Amino acid sequence: MEFAFDENPEVAAAGADVLMLDIDGWEGPLDLLLALARTQKVDLREISILALVEQYLAFLNDAKALKLEIAADYLVMAAWLAYLKSGLLLPRDEAVDPSPEELALRLQLRLQRLNAMREAGARLVARDRIGRDVFLFGAPQGLRTVRKAAWEADLYALIAAYGAVTARNRPVFHHVARRPVMTLEAAIERVAAMLGERIEWRRIEAFLPGGTDEAYRRSALASSFVAALELARQGRLDMKQDGAFAPLFIKAA
Amino acid sequence: MEKPDSAMRLVEAALFASDKPMSISDLRAHLGERIDVATALELLAGDYAGRGIELVERGGRWHFQTAPDLAHILRLEREEPRKLSRAGVETLAIIAYHEPVSRAEIEAIRGVQISKGTLDVLMEAGWVRPAGRRETPGRPLIYATTPGFLAHFGLSSRRDLPGIDDLRAAGLLDPVDMAFDALELESDGDNA
Amino acid sequence: MEKPDSAMRLVEAALFASDKPMSISDLRAHLGERIDVATALELLAGDYAGRGIELVERGGRWHFQTAPDLAHILRLEREEPRKLSRAGVETLAIIAYHEPVSRAEIEAIRGVQISKGTLDVLMEAGWVRPAGRRETPGRPLIYATTPGFLAHFGLSSRRDLPGIDDLRAAGLLDPVDMAFDALELESDGDNA
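Chains as they are written, first to last, in our numbering: chain A, 1 to 253; chain B, 1001 to 1192; chain C, 2001 to 2192.
These are computed hints drawn from the structure, not numbers from a lab. Remember, it's a predicted structure, so these values are computed and weren't measured experimentally. From the three backbone atoms N, C-alpha and C, an ideal C-beta is built for every residue, glycine too. Keep in mind that a hint or two might mislead.
Label pairs and their in silico Cβ distance ranges [said to hold, decoys possible]:
{"#": "1", "chain 1": "A", "residue 1": "Ala82", "chain 2": "C", "residue 2": "Asp2177", "range": "17 to 27 Å"}
{"#": "2", "chain 1": "A", "residue 1": "Thr183", "chain 2": "B", "residue 2": "Ala1170", "range": "36 to 46 Å"}
{"#": "3", "chain 1": "B", "residue 1": "Gln1113", "chain 2": "A", "residue 2": "Val181", "range": "16 to 26 Å"}
{"#": "4", "chain 1": "C", "residue 1": "Asp2160", "chain 2": "A", "residue 2": "Ala149", "range": "49 to 59 Å"}
{"#": "5", "chain 1": "C", "residue 1": "Glu2107", "chain 2": "B", "residue 2": "Glu1057", "range": "54 to 64 Å"}
{"#": "6", "chain 1": "A", "residue 1": "Tyr83", "chain 2": "C", "residue 2": "Glu2107", "range": "18 to 28 Å"}
{"#": "7", "chain 1": "C", "residue 1": "Gly2060", "chain 2": "B", "residue 2": "Glu1033", "range": "14 to 24 Å"}
{"#": "8", "chain 1": "A", "residue 1": "Arg203", "chain 2": "B", "residue 2": "Gly1111", "range": "18 to 28 Å"}
{"#": "9", "chain 1": "A", "residue 1": "Leu57", "chain 2": "C", "residue 2": "Asp2177", "range": "48 to 58 Å"}
{"#": "10", "chain 1": "C", "residue 1": "Thr2136", "chain 2": "A", "residue 2": "Asn61", "range": "25 to 35 Å"}
{"#": "11", "chain 1": "B", "residue 1": "Glu1057", "chain 2": "C", "residue 2": "Asp2160", "range": "32 to 42 Å"}
{"#": "12", "chain 1": "C", "residue 1": "Ala2045", "chain 2": "A", "residue 2": "Tyr83", "range": "53 to 63 Å"}
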């Protein structure tokens, strides 16, 4: 494909052969080389690398004559190009790798690529651009999505929460239920009265009150036993038991 | 759509691009004196009648705007379900059981302070409303539930709320892990 | 103008009201899933063809804009909305035609280092964005263009980039090494 070469402003200003000597006008040696290549007015694939090298070196020479400060990378490029030129002119040395032809071709490829992008950029910025060629609606009201929280809670959560609050903060009362017991005093009185003047042995259970309340019976048994011990201490009754856990007998002393 | 003539196209584009309404003389100054702006405006207004956007005139100035019946699409409200925090649920429950109740009373019942956001959320949800002031020193604001509260929770009246005895029977007054709960409550009270 | 159906009116109004281009899914999210957005867009684009404003698609997003042929009348001053330096233009072109591309790759094509600020300007304009890292040694950041780039330069997609097919066919988007190897192969083939 052919690329139409834009008139490079720097080159155009200085005419076809004489380049304006302004290093700052070029962004580095490659940029300058591309400008020089374009003065050959041929497809970049057809450019003469030798002519390009001549032009570049002549350009730097002129710049030097005008005592311009020349940036180091321009001089590095000049040295490299001088080397390339000598390689292209001298008989081919097979030992040298890469070959001067390869280097020249690579330079040419680089210039083609830079040129392609330069032209693509120019075509890009020349398109119908928003705010310059085409315009958007001047007064958009804007679309807004207002996110509103839809709060969720269910009745169970509500009731359970109230229960939790109530349980947490309700004053706590400790009720101790009254349990049926026979006090020691009652037991002493009862055992003493029932014992009377009996002189035959009787099991202690015979002294307990009737009724079906097991808890009360156990309490009465415990109290009556202690009462019996107390009455025995006072010498008012005698106790006997044949062995551990055997029935306990009492009688009046 | 019919093909508009060039005056119409220019007026259409100029009004569209302008960030403020334009009068006939604005348009003429912009587009040139030879353009029949008035006729173009009239034709355009006819073209756009009934569309999603309309060309309207206000006080001698013309502009495009979205059709008034579509105004609702400009501001779309989207509901996002969000779970009420535990502090929120408790506060709501206390208000429901004790209404009308002041903030200080809620805190006394809860045993934990409530953050400002908690009541705001309940009001935003439409479940709680300020219900006047208590005629006590400081005249604190008191809160009550709304009909929306009853509707949301499927209650026909507040009397439908289970009483303390019902709660006890349901085991909801059992002081399970009370210390742990209290800790949790305080921390989520901050986020309510 | 024919009377548009309600889907068309909604899409038309939404695109007018929106302050940025909208994709089909943006429109659907805003207008509801039941609206046939794609058909409405197609019909609207047809309605507006040839008018002073037109409906265009840029990178999957739609917006209304003034017709390009009216540019000379609408623009009051010919100044570019964002005056790009030559380096900026070239860098933008390289990113657009080669994306995704690393800074080193841009520098290799341009033959100079990218000065600080060149990429910043392009990113600030909303035309270029970092697009991850290349999984090569050093994991360099790579850059790509944005939907905003397509919209600004009036491109429906990157395939619309001026001359991109020709450039690709000519191998001018391939790295120098690759192009060189291809040439070597070609000449080897000739000799064989």
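Consistency of the hints with the structure:
no. : hint                                : verdict
1   : A:Ala82 <-> C:Asp2177: 17 to 27 Å   : holds, 24 Å
2   : A:Thr183 <-> B:Ala1170: 36 to 46 Å  : holds, 42 Å
3   : B:Gln1113 <-> A:Val181: 16 to 26 Å  : violated, 48 Å
4   : C:Asp2160 <-> A:Ala149: 49 to 59 Å  : violated, 44 Å
5   : C:Glu2107 <-> B:Glu1057: 54 to 64 Å : holds, 57 Å
6   : A:Tyr83 <-> C:Glu2107: 18 to 28 Å   : holds, 23 Å
7   : C:Gly2060 <-> B:Glu1033: 14 to 24 Å : violated, 42 Å
8   : A:Arg203 <-> B:Gly1111: 18 to 28 Å  : violated, 59 Å
9   : A:Leu57 <-> C:Asp2177: 48 to 58 Å   : violated, 27 Å
10  : C:Thr2136 <-> A:Asn61: 25 to 35 Å   : violated, 41 Å
11  : B:Glu1057 <-> C:Asp2160: 32 to 42 Å : holds, 39 Å
12  : C:Ala2045 <-> A:Tyr83: 53 to 63 Å   : holds, 59 Å
When each numbered hint is compared with the structure, violations occur for hints 3, 4, 7, 8, 9 and 10.
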